[in-house]
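Asker: From first to last, the protein sequence lines stand for chains A and B. Residue numbers 0 to 173, in numbering that gives the first Met the number 0, belong to the letters of the first sequence in order. Residue numbers 0 to 570, in numbering that gives the first Met the number 0, belong to the letters of the second sequence in order.
There may be inaccurate statements among the hints.
[What the hints assert, rightly or not] For lysine to any residue, the following SDA-like pairs were computed, each having C-alpha atoms within a straight-line distance of at most 20 Å:
no.: 1; chain 1: B; residue 1: K436; chain 2: B; residue 2: S395
no.: 2; chain 1: A; residue 1: K7; chain 2: B; residue 2: G372
no.: 3; chain 1: A; residue 1: K10; chain 2: B; residue 2: P569
no.: 4; chain 1: A; residue 1: K10; chain 2: B; residue 2: I229
no.: 5; chain 1: A; residue 1: K73; chain 2: B; residue 2: D477
no.: 6; chain 1: A; residue 1: K73; chain 2: B; residue 2: A54
no.: 7; chain 1: B; residue 1: K361; chain 2: A; residue 2: A150
no.: 8; chain 1: A; residue 1: K96; chain 2: A; residue 2: A150
no.: 9; chain 1: A; residue 1: K73; chain 2: B; residue 2: D375
no.: 10; chain 1: B; residue 1: K106; chain 2: B; residue 2: I229
no.: 11; chain 1: A; residue 1: K135; chain 2: A; residue 2: C109
no.: 12; chain 1: A; residue 1: K10; chain 2: B; residue 2: V33
no.: 13; chain 1: A; residue 1: K73; chain 2: B; residue 2: S371
no.: 14; chain 1: A; residue 1: K73; chain 2: B; residue 2: A232
no.: 15; chain 1: A; residue 1: K10; chain 2: B; residue 2: K436
no.: 16; chain 1: B; residue 1: K351; chain 2: B; residue 2: A50
no.: 17; chain 1: A; residue 1: K38; chain 2: B; residue 2: A50
no.: 18; chain 1: A; residue 1: K10; chain 2: B; residue 2: G24
[Said to hold, decoys possible] Now the in silico label distances, taken between C-beta atoms and shown as ranges:
no.: 19; chain 1: A; residue 1: P148; chain 2: B; residue 2: L543; range: 28 to 38 Å
no.: 20; chain 1: A; residue 1: G112; chain 2: B; residue 2: S395; range: 35 to 45 Å
no.: 21; chain 1: B; residue 1: I237; chain 2: A; residue 2: I33; range: 23 to 33 Å
[Claimed, not checked] Listed next, the stretches of chain A that the computed footprint assigns to chain B, with coverage defined by at least 3 CB atoms under 8 Å from CB atoms of chain B:
no.: 22; segment: 8-20
no.: 23; segment: 56-66
no.: 24; segment: 143-156
Because the hints were derived from the structure by calculation, they are not lab data. Think of the CB as a built atom: it goes at the ideal place given N, C-alpha and C, for glycine as much as any other residue.
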Amino acid sequence: MADEERRKFLKVATCAIGGGVGLVLAAPTVAVLIDPARKITVTTPTAPLDLGLVEQFRVGAEPRRVDIVAPVVKDAWLAARNVVLGAAWIRRTEPDKIVALSAVCPHLGCAVGWDAAAGNFLCPCHDSRFSVAGDKLTGPSERGLDELPLAVVDGRLQLTWVRYRTGQTAREPA
Amino acid sequence: MTRVIGYLRERGLGGSGDPATIAGGASFAYAFGVVLMFLLVVEAVSGMALAAFYAPSSTDAWGSVAYLQDQAQAGWVLRGVHFHGASAIVIIAGLHLVQTALYGAYKKPRELVWWLGILLMILMLAWAVTGYVLRWDQAGFWANKVEVGIAAATPVLGGVIKKLALGGNDYGNLTLTRFYALHVMILPAIVAAVTYGHVALARKLGATPFGDRDQKAGPRWPDQALRNAIAIAIVFTILLAYVIASHGVGLAAPADPSQSYDARPLWYFRWLFELRELAGRAEKIVALATPAIVGGALVALPLVDRAATRDPRHRLAYLGGLAGLLALIGGLTIASLVADARDDELAKRDAKAEQRAALARKIAREHGVPASGAADVFFAAPLGRARAVFASKCKSCHDAGSKDRKGPIIAPGHGSRSWLKAFIRHPGADENWGRTKLAAKDNAMKSFAQMPPADLDDVVELIYAESGASDVIAARRDHGGSVFETACSDCHAREEGLAGSSAPGLGGVGTRAYYLSFISNPKSALHMGRDNSQMPRFDTELSLDDRDALAEYLVWLRTATPEDLAALDPL
């Protein structure tokens with residue numbers, strides 16, 4: 000059956016060529032589509048950010064929400080200036096004791112707000128509650144609010160912005 | 000009604016054909032359509048990948064394309080495949096048309112297939128036009144301006160067409176969102192529908208063998224399929240090789256309506272470009288009417304060539320006409336390319352534009368595109384804004400190399416200790432006030448070349464300290480205070496914001512705030528005074544951002560060396 004064999008060869012050759020062309024087209028397509036997943040596409044400043052004078056925070060006052068603004072963020076092709084990264088809740092308990100809690104809920108990343116009536120923090124998404132010190136009270140969050148590194152230099156507050164992984168007990172930078 | 004239905008039935012609509020065999024047996028001549036289908040798939044796949052990076056906004060479009068081209072891995076390959084793939088479609092579609100004409104495959108009952116093919120050809124060209132503008136660089140932007148300008152010359156409807164194309168009265172965000180929607184949603188949907196019709200009818204009616212003799216039918220699978228696959232592999236290999244050899248497709252500097260550019264259309268519109276040149280004053284009419292005439296002639300072909308014979312020898316008049324048309328298009332294309340190649344001035348302008356493009360892309364890669372838009376990308380370079388403003392507003396009066404220099408030279412080291420010392424010793428020197436009216440004026444500052452060197456160094460330190468420099472020698476500065484009292488304070492003041500009795504106040508001289516104030520209004524009493532300065536005030540002419548950038552630049556110059564300046568990318 001020479002013709003049968005010939006037909007079989009033609010079929011195999013057709014599929015081989017077609018498959019080869021498909022693979023060659025797929026290779027750069029896949030390469031470019033996975034590229035962003037391998038990169039830091041949006042930068043986060045590693046240097047401490049200036050939040051202004053310590054004196055603006057009164058000793059013993061309720062926690063105050065402060066926007067965390069990066070001077071420059073490289074976002075893929077864009078060099079954006081004054082980008083709001085998120086917010087922190089800042090509380091000064093003693094003249095030389097000041098704490099910053101990330102407003103990112105450790106559960107799934109919603110923005111935590113201050114419930115003045117209850118005197119604790121409340122996440123609006125899934126009702127996780129945290130004490131004024133950031134400890135976990137009720138709700139689905141698996142850990143308390145994340146404290147952010149804070150330093151006072153020449154009377155000015157310097158905060159380092161860190162994003163932690165959500166949805167787990169352990170506190171690990173994302 | 001029955002006549003219409005009968006007409007359409009005869010031409011392949013409804014009923015079923017026999018796609019298992021192919022008239023005349025398998026042939027490479029039948030592969031053109033399949034290759035075109037394959038190229039459409041290539042465009043779709045690469046286009047989806049491009050869309051995953053592209054931002055259709057007038058501020059971000061160029062930046063997103065530059066990012067894809069220069070920073071995403073294999074991004075340039077995808078862009079190249081997409082761009083040159085479109086060229087391949089035009090070439091193969093042209094060959095497909097010639098083959099169809101040669102085989103007489105446009106004849107009854109295949110008129111609908113032929114007409115849908117012509118429609119697809121037009122759609123392909125429109126698709127290319129909508130794609131070229133998306134990159135929002137000088138090339139795409141200016142080519143689109145010309146194309147829309149021609150369309151706007153359409154009698155009666157021109158104005159409406161232009162507004163609809165641009166999405167308003169002028170180029171902007173809505174222009175891009177509109178062309179983007181056309182390019183990635185509307186045209187693909189239309190092309191898919193028309194292609195389906197074209198292919199379904201062609202399959203139903205079967206292939207048209209060459210000539211009039213009866214030929215034996217052969218199996219479609221796998222005989223024809225293998226030929227199709229080989230043809231696809233050959234075309235794809237050539238396409239890929241060309242993409243790699245040419246490093247994909249270029250990207251000019253960001254679209255800038257203020258920067259002239261030698262706009263050229265995509266190569267397959269070159270013949271129209273040349274024809275338009277030849278037409279002189281009738282250019283717009285010619286540019287509009289010619290495609291209509293060519294399209295009309297192709298549409299009319301099956302209506303006028305109605306004889307049953309498909310033998311080319313009996314259709315020499317029609318085939319000759321088509322050959323003449325193609326020769327004319329080819330000739331005009333070559334004439335246009337040759338004219339450009341011979342134009343030395345154009346080559347110089349192109350080289351300059353290319354330099355600008357390379358610089359814009361380098362800055363985008365290293366510093367990013369500013370949020371104000373890609374047109375401001377040059378401002379993202381270190382001191383970019385200041386250097387650009389300096390070049391356009393300050394250079395002619397203040398640059399050492401300027402023939403028309405009227406003021407003191409501003410160069411690296413300006414405001415440094417050695418500069419201050421040289422100035423105080425010879426204010427009227429050529430590099431200082433030598434070319435201003437102050438040089439000859441009696442009451443302008445006199446030379447202090449006779450001052451004891453130690454005193455001079457001390458008073459220089461005092462004035463240098465006003466700039467806020469961090470390396471001030473305190474003892475020198477303090478001693479400089481008493482020198483100032485005896486030698487300078489009759490005319491100058493040192494308190495912040497206070498003018499001297501007959502000369503500029505020197506409080507904070509050399510700081511960014513001081514320079515900002517000086518540039519804003521050098522004629523203020525605090526600075527040179529109304530009668531002493533030939534320098535115009537810039538607070539009305541330059542934005543606060545521009546003036547502040549210049550002030551920052553002057554502060555930078557104090558500690559900069561000529562090498563530092565040379566190391567910055569020329570803008």
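Asker: Under the criterion that the straight-line Cα-Cα distance not exceed 20 Å, is the pair K73(A), S371(B) satisfied?
Answerer: With Cα atoms ~14 Å apart, K73(A) and S371(B) stay inside 20 Å; holds.
Asker: Would the hint linking K351(B) and A50(B) be met if the CA-CA limit is 20 Å?
Answerer: Violated, at roughly 30 Å.
Asker: Against chain B, does the segment 8-20 of chain A show at least 3 residues with beta-carbon separation below 8 Å?
Answerer: Check passed, 8 qualifying residues.
Asker: Would you mind confirming whether the straight-line C-alpha gap from K7(A) to G372(B) stays at or under 20 Å?
Answerer: violated (59 Å)
Asker: Take the C-alpha atoms of K73(A) and D477(B), compute the straight-line distance between them, and say whether it is at most 20 Å.
Answerer: violated (46 Å)
Asker: Is the straight-line distance between the alpha-carbon of K96(A) and that of A150(A) 20 Å or less?
Answerer: Within the cut-off at roughly 10 Å; holds.
Asker: Going straight from one Cα to the other, do K10(A) and G24(B) come out at no more than 20 Å?
Answerer: holds (17 Å)
Asker: Measure nothing beyond the straight line between the CA atoms of K73(A) and D375(B); if it is 20 Å or shorter, mark the hint as holding.
Answerer: holds (16 Å)
Asker: Going straight from one Cα to the other, do K135(A) and C109(A) come out at no more than 20 Å?
Answerer: The hint holds at about 15 Å.
Asker: Is 23 to 33 Å a correct range for the gap between the Cβ atoms of I237(B) and I33(A)?
Answerer: holds (27 Å)
Asker: Decide if the proposed pair is consistent with the structure: K73(A) and A54(B), CA atoms, cutoff 20 Å inclusive.
Answerer: Within the cut-off at roughly 16 Å; holds.
Asker: Taking only the CA atoms, is the gap from K10(A) to V33(B) under or equal to 20 Å?
Answerer: Satisfied, since the Cα-Cα distance of roughly 17 Å is no more than 20 Å.
When the structure is compared with the earlier hints, violations turn up for hints 2, 3, 5, 7, 10, 14, 15, 16, 20, 23, 24 and for no others.
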